[in-house]
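There are 2 protein chains.
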Amino acid sequence: MTSTASESAVPPRAYEVVLKSVEADLRAGRLKMGDQLPGERSLAEMHGISRASVRDAIRILDAMGMVRTSTGSGPNSGAVVISNPAVGLSATLRLHVASRQLPVADIVESRVLLETWAAESADLGADPERSAKVLERTAELLKAMDAPGLDRDAFHDLDAKFHVLLSSLAGNAVIESMMESLRLSISDYVSESIEGEESWQEISSVLRTQHHGIHEAVAAGDGKEAARLLREHIEWFYSETQAK
Amino acid sequence: MTSTASESAVPPRAYEVVLKSVEADLRAGRLKMGDQLPGERSLAEMHGISRASVRDAIRILDAMGMVRTSTGSGPNSGAVVISNPAVGLSATLRLHVASRQLPVADIVESRVLLETWAAESADLGADPERSAKVLERTAELLKAMDAPGLDRDAFHDLDAKFHVLLSSLAGNAVIESMMESLRLSISDYVSESIEGEESWQEISSVLRTQHHGIHEAVAAGDGKEAARLLREHIEWFYSETQAK
Numbered sequence: 001m002t003s004t005a006s007e008s009a010v011p012p013r014a015y016e017v018v019l020k021s022v023e024a025d026l027r028a029g030r031l032k033m034g035d036q037l038p039g040e041r042s043l044a045e046m047h048g049i050s051r052a053s054v055r056d057a058i059r060i061l062d063a064m065g066m067v068r069t070s071t072g073s074g075p076n077s078g079a080v081v082i083s084n085p086a087v088g089l090s091a092t093l094r095l096h097v098a099s100r101q102l103p104v105a106d107i108v109e110s111r112v113l114l115e116t117w118a119a120e121s122a123d124l125g126a127d128p129e130r131s132a133k134v135l136e137r138t139a140e141l142l143k144a145m146d147a148p149g150l151d152r153d154a155f156h157d158l159d160a161k162f163h164v165l166l167s168s169l170a171g172n173a174v175i176e177s178m179m180e181s182l183r184l185s186i187s188d189y190v191s192e193s194i195e196g197e198e199s200w201q202e203i204s205s206v207l208r209t210q211h212h213g214i215h216e217a218v219a220a221g222d223g224k225e226a227a228r229l230l231r232e233h234i235e236w237f238y239s240e241t242q243a244k
Numbered sequence: 001m002t003s004t005a006s007e008s009a010v011p012p013r014a015y016e017v018v019l020k021s022v023e024a025d026l027r028a029g030r031l032k033m034g035d036q037l038p039g040e041r042s043l044a045e046m047h048g049i050s051r052a053s054v055r056d057a058i059r060i061l062d063a064m065g066m067v068r069t070s071t072g073s074g075p076n077s078g079a080v081v082i083s084n085p086a087v088g089l090s091a092t093l094r095l096h097v098a099s100r101q102l103p104v105a106d107i108v109e110s111r112v113l114l115e116t117w118a119a120e121s122a123d124l125g126a127d128p129e130r131s132a133k134v135l136e137r138t139a140e141l142l143k144a145m146d147a148p149g150l151d152r153d154a155f156h157d158l159d160a161k162f163h164v165l166l167s168s169l170a171g172n173a174v175i176e177s178m179m180e181s182l183r184l185s186i187s188d189y190v191s192e193s194i195e196g197e198e199s200w201q202e203i204s205s206v207l208r209t210q211h212h213g214i215h216e217a218v219a220a221g222d223g224k225e226a227a228r229l230l231r232e233h234i235e236w237f238y239s240e241t242q243a244k
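Protein sequences, first through last, are from chains C and W. Sequential numbering from 1 applies to the first sequence in the working numbering. Sequential numbering from 1 applies to the second sequence in the working numbering.
Rather than coming from a laboratory, the hints here were simulated on the basis of the structure. A few of these clues could be false.
Any copy, or any two copies together, can satisfy a pair, since identical chains are not distinguished.
[Stated by the list, open to error] Derived SDA-like pairs: lysine to any residue, alpha-carbon spacing no greater than 20 Å straight-line:
| hint | residue 1 | residue 2 |
| --- | --- | --- |
| 1 | Lys-224 | Glu-120 |
| 2 | Lys-20 | Tyr-189 |
| 3 | Lys-20 | Ser-131 |
| 4 | Lys-224 | Gly-171 |
| 5 | Lys-32 | Ala-144 |
| 6 | Lys-161 | Thr-209 |
| 7 | Lys-20 | Arg-100 |
| 8 | Lys-20 | Val-104 |
| 9 | Lys-224 | Ala-105 |
| 10 | Lys-32 | Ser-168 |
| 11 | Lys-32 | Val-104 |
| 12 | Lys-161 | Val-190 |
| 13 | Lys-20 | Glu-192 |
| 14 | Lys-143 | Gly-125 |
| 15 | Lys-224 | Thr-116 |
| 16 | Lys-20 | Asp-188 |
The following block holds chain C by itself, in its conformation from the complex:
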């Protein structure tokens, strides 16, 4: 990891006061999910900075998955507070992977660590009703992935949802977000490396079988076996996509 000591010498940017005040408002509960941020002009006046700097801050919050901005100027325009940590984290990870400072192999190893931990930590008994619902949804996702003629993008989409939902059984929102962001950060590399419809048919058929096995182990409460199958699944898939 490259770190530059000189960064701390860079003067603070005007937009940072907005980020700090949004953070303070969130911590104090003055700002909640779904709330609208004050308008550009009020924020600029409030902090004594230019409207351009306010816009910088809003753009950054948007890229971090912290607000959703809509275009237009109606009463519903402006920035609304949301929380989509995986989007923000993956945007950052993607770029650092592209710069080769974070190797794809390290991303894969991290994914294995987080997903196997989640499988071993899944506690179906903590909230049986919720667990049953999650397993019902993952079973539906498997069914959808089994549909003949399903296109690749749709498969990847369902696949991602399957992994994230299963991991949610461990009840750690940070691990869940990091896991999703790792997957998103290298999804293009994976897509590009599978060339041709024929090899995709072969690969997806193996993936389907592996998913069913993982699902069964989780549903049976066998976290150790689920973790073993997940590791095999992730490592096999990446070795396939590396070889091509």
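Since the structure of chain C is already known, use the hints to place chain W on it.
Coordinates of chain W only, in the frame set by chain C:
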């Protein structure tokens, strides 16, 4: 984790073409660490967007720890490619922790997972020369932390470096960045919760002893013991800061 299905309906922002092209240039090797991005005007012309949108993109890259921008207009002004994933990741994590969508307890649990994994995966023999250097540096950090009269901020700073350096022995840049970002994302919560010089003196004295134990286990190549001590260390510290 809150996720909004409607996000995909939001039209792409003008600045995104710049992020995509920087990513593509990094992947293709056309852009490397230390390179300067083209100026605002050239980027605007290249992508057919406004200079304001180019500035948006540069700000976001800066917040992600992907470029360093300097003010002024000399030949050395402009954005230089760096890679500081931990800075970018922690900025995002901080805000989502502040919004209570990522609980502090989940951050702590994630830190334990990543640091104990790193301790167990440390391979001193893979590059004995590098390992020896790292252990020499961590020993120096411990000595510096033992200095009487050291102030709290200086202690936290050395403490962070100690943990990150030890984790680097596992050789996974992604885990290292995530670990550092987790720590940074909750450092304010921790600082604020320790009130008064007296309780800090007591806590720091325990931390020092724990650090020495962890260092010895790592240096002896006993990853299992190092992992056990790290878990104890992190969990004890957060229980102390929660109680106050």
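Which numbered hints does this structure break?
Of the numbered hints given earlier, those the structure breaks are 3, 5, 9, 10, 14, listed in rising order.
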